[in-house]
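A.B. asks: Listed here are the chains, written in short residue letters.
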Amino acid sequence: MRMPGVTGRAGCGRGEGNRVEADELLVLVAGGDQKAFEDLYALVSGPVFGLVRRVVRDPAQSEEVSQEVLLELWRSAARFDPGRGSALSWILTLAHRRAVDRVRSVRAAGEREQREARRAHHPAFDQVTEEVEAGLEREWVRRCLDRLTALQRQSVTLAYYDGYTYREVAERLSLPLGTVKTRMRDGLTSLRKCLGGVA
Amino acid sequence: MSVLDRLLRREDLHSLAAPYALDALEPAERLRFERHLDGCELCAAEVRALSEDAVRLAWSTAAPPPTAMRDRVLAAVRTTPQMSAPEPERTTAQLPPHVWGTRPPPARVRASRPRPLFVPFATATAAAALVVASLFAVQAGQAQDRLDAERAQSREIARVLAAPDTRATTDRDAQGRSIGVIASVSQGRAIVTLSGYDGLAGGHVHQLWLMHPSGQPRSLGLFDGDTPLVTSGLDNSATSLAVTVEPAGGSAQPTTQPIVQLALKSLGFGE
Chain A
98 MRMPGVTGRA GCGRGEGNRV EADELLVLVA GGDQKAFEDL YALVSGPVFG LVRRVVRDPA
158 QSEEVSQEVL LELWRSAARF DPGRGSALSW ILTLAHRRAV DRVRSVRAAG EREQREARRA
218 HHPAFDQVTE EVEAGLEREW VRRCLDRLTA LQRQSVTLAY YDGYTYREVA ERLSLPLGTV
278 KTRMRDGLTS LRKCLGGVA
Chain B
6 MSVLDRLLRR EDLHSLAAPY ALDALEPAER LRFERHLDGC ELCAAEVRAL SEDAVRLAWS
66 TAAPPPTAMR DRVLAAVRTT PQMSAPEPER TTAQLPPHVW GTRPPPARVR ASRPRPLFVP
126 FATATAAAAL VVASLFAVQA GQAQDRLDAE RAQSREIARV LAAPDTRATT DRDAQGRSIG
186 VIASVSQGRA IVTLSGYDGL AGGHVHQLWL MHPSGQPRSL GLFDGDTPLV TSGLDNSATS
246 LAVTVEPAGG SAQPTTQPIV QLALKSLGFG E
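Residue numbers (my numbering), protein chains in the order written: chain A, 98 to 296; chain B, 6 to 276.
One or more of the hints may lead you astray.
Residues from chain A that keep clear of chain B, each with C-beta distances beyond 12 Å, as calculated [said to hold, decoys possible]:
(1) 144
(2) 207
(3) 246
(4) 271
Derived coverage of chain B by chain A (criterion: at least 3 residues anywhere in the stretch with Cβ under 8 Å from a Cβ of chain A; other residues may be distant) [claimed, not checked]:
(5) 53-61
(6) 79-85
(7) 246-257
Keep in mind that the hints were calculated from the coordinates and are not lab data. Ideal Cβ placement from N, Cα and C applies to all residues, glycine included.
Kindly generate the complete structure, drawing on both the sequences and the hints.
C.D. replies: This is the structure in structure tokens:
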């Protein structure tokens, strides 16, 4: 039995004023408005699922984590304060944290195998640049990532897109911890400049 | 600890701002750094800026989720209670001023023309400076064990939601009280939510039962207020769920008439 009024729909946000809309919707959702949640879902499920899948990779697990995040939005919408940041950023920060938590617990389970595999085969790190897809925002981020030094780019993307801790990044790149921390900071700051930061 | 040690330690912690913004700290380190933020204005400002930068990396990854996910999430929302907003005085007390900074919240500017969702990085992140702080608010507002319990429960709920045969139903009575159930026959699991059934006399609980056409009711657990009850071991021959009021601690068998009963047929049981 399907619930009435529920139809499948891709959750990629389109249309105007989406960012403001998300803020307003989240406030309505906090008041228990299920219709507003449906609209919020349409706006944010694409960004949330895409980010989670980028980090978690496994499709089934990505779906599970995304569901967890979206349900958490419903549960904790009242904790969002619209005066203190945009809803989309709040949501994506939450999604990233959950995705990273998941990928790490999965990795911890198969850590030994991973280490063996790592020794046998040193993978290419710059997957981001290989996974270019259409879309202006992708193009922008890719271009700005390309402008970083290789070590800055690898440090940032291994952490953000692949969910590695900075210690793991240091191990994978055979760099001292201090160097990785500095590359991460420099990488993020350069991105800010390239993408047109609001310093 | 000598002054020099302390300075070195501070220096060391400062350098964790970028890994923190990228979610690249281990849990213990993350906590230590968040504690450090309480007393380090410099770090808080840096974390704010670096977190804005990190969120930009997310904009480029959007992808349409599987269509079935929408059904599951919306079904879950129908039966999942919401957390209340943190009480104002607690918020103020537990939000260190430096986390927000002295900068007033950025003014929101309405788009004067249609624009795609992910393009304007600058405007996108102008208000995002305080994202990290919002997360602090959530975390500071609750005891860690409470958070852990909620996370564990969310995971269990997510597991039921992820089943291919998950279905949901709700039943509302004339007084607006309702019972909501999301269940998967293949997993034998269900998430059950009561709402509106408060005003329980002290020393009493709501107990959930699985009813069979032949045989004794089987207890599925006790409700804790309006928190969803996640149960397992539902067999296909079960016909309905029932809730009774029982003495604290629950009973081996129902001692009162059910206050609400819900047939499981519409959820795929007994097919």
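A.B. asks: Of the hints stated earlier, which fail here?
C.D. replies: Hints 1 and 7 contradicted; others consistent.
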